[in-house]
Amino acid sequence: MLWQRRVKGTKTMISVIVTVYNEEKYLKQCMESICGQTYGNLEIIIVNDGSTDQSAKICDAFAGKDSRITVIHKENGGPVSARKAGLSSAHGRYITFIDGDDWIEDTMYEKLLKCLEEYHTDVAMCGRYEDTGNISKAIMQGVPQGKYDKKLMKKTVYPNMIVNQDFFEWGISPSECDKLFRRECIESFQMDEDERIRMGDDAVCTFPCLLKVESIYVLEECLYHYRQTTDSLVKTICNYNLERQQFRIMYQAGKERFTLYQNIYDCRKQWEMYVLFLMIPRSDGLYEGFSNLDYLFPYPKVKKGIRIVLYGAGTYGQRLYKYLKRSGFCEVILWVDRNYKEFQKMGLEVMPPDRIPFECVDQIVVAITYAKPKRALYQELVRKYGEEKISVIDEELILSEDSKRAFGIEDLQE
1 MLWQRRVKGT KTMISVIVTV YNEEKYLKQC MESICGQTYG NLEIIIVNDG
51 STDQSAKICD AFAGKDSRIT VIHKENGGPV SARKAGLSSA HGRYITFIDG
101 DDWIEDTMYE KLLKCLEEYH TDVAMCGRYE DTGNISKAIM QGVPQGKYDK
151 KLMKKTVYPN MIVNQDFFEW GISPSECDKL FRRECIESFQ MDEDERIRMG
201 DDAVCTFPCL LKVESIYVLE ECLYHYRQTT DSLVKTICNY NLERQQFRIM
251 YQAGKERFTL YQNIYDCRKQ WEMYVLFLMI PRSDGLYEGF SNLDYLFPYP
301 KVKKGIRIVL YGAGTYGQRL YKYLKRSGFC EVILWVDRNY KEFQKMGLEV
351 MPPDRIPFEC VDQIVVAITY AKPKRALYQE LVRKYGEEKI SVIDEELILS
401 EDSKRAFGIE DLQE
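Under the numbering used here, the final residue of the sequence shown carries the number 414; numbering is consecutive throughout.
Any given hint could be a false lead.
To be verified - Listed next, the in silico DSS-like pairs over lysine-lysine satisfying Cα-Cα at most 27 Å (straight line):
{"#": "1", "residue 1": "K303", "residue 2": "K325"}
{"#": "2", "residue 1": "K269", "residue 2": "K212"}
{"#": "3", "residue 1": "K154", "residue 2": "K301"}
{"#": "4", "residue 1": "K341", "residue 2": "K325"}
{"#": "5", "residue 1": "K212", "residue 2": "K151"}
{"#": "6", "residue 1": "K154", "residue 2": "K111"}
{"#": "7", "residue 1": "K84", "residue 2": "K111"}
{"#": "8", "residue 1": "K137", "residue 2": "K341"}
{"#": "9", "residue 1": "K389", "residue 2": "K303"}
{"#": "10", "residue 1": "K322", "residue 2": "K25"}
{"#": "11", "residue 1": "K341", "residue 2": "K151"}
Keep in mind that the hints were calculated from the coordinates and are not lab data.
Between the sequences and the hints, there should be enough to build the whole structure, so can you do that?
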């Protein structure tokens, strides 16, 4: 297959930094989607971050077919290290990133570049699809389409940039992959980031960057595909102390950057809520004293030894199911999800919701952390089964001082 080569004579070049770690199953689709872009003046930098599968060979094979591709092979250092390596080698006026297991629509860079140049903005961003098997869920940014100058950003973007009113709902996606940046806007944030950060690394760059820039453009169109697999959704915590340390480093790094820019807008409280949101699915390893609780955090009604139906097989549901089966804290009578067929294809023991044996269970546990779908499902279940046996995450409990101390997230000083 032949792809467009760099367009000679044009000044506008986009550097696409592709981070790869053991992505042999998906890397071909990712690379074909980049090489096949309708905008051809790309510099494609693949950073193979110490892969142990066939990813390195796939990277080199693509470089042999497309002169725009450069491959960097390095020892595994994590996502921050990989992005730094790519950015250090980049020459483009504009910078974007993509993870090696995702893919993009063929017009993505053409459309985002048009937004930057036509509206003279510093960052352009689009919506994304969350792809689970054959199911694609469209997710837009939390603000309407259009250009936002500094005045408008202070009024309508920053107040809900990280947390859009509810726990938890995005204002702006933290991802660096659904955005195209002017190089000078993102470079210092990326290059100064602590390489020990393994979760929330995008957010530590993206949100402070958006505080500093003068303008953004939001495109109400989904152009990025974020692949959700059992490998990417559920990660076993091998070292609890190391995991806690990494989260605290990430929290502190973000807090320091938001403190630096608080004169523009104070996002520190939003940042605290975001970090807690990330930690909830991993509470069994990050919440100190978790195993000593007489209830399943953050579900106060779910007591040890009761019989439950777990509703939800996404990020949180998979993590929670794995913990419950391992620990035996509760008896999981059934695990259900509307998209059970796709999850079954992924090898998960998920059944349709109409199988819920309501008379035989003590609680139906809604394993969803995002505000709108959680609220909608809760209301549906309450109408069908009544309120007493339905458990959703307790937001007040999550945001309590006791929980923040258990997670190692200290109070923010006014």
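Hint by hint, work out which the structure violates, then give me just those numbers in ascending order.
The structure breaks hints 3 and 11; every other hint is satisfied.
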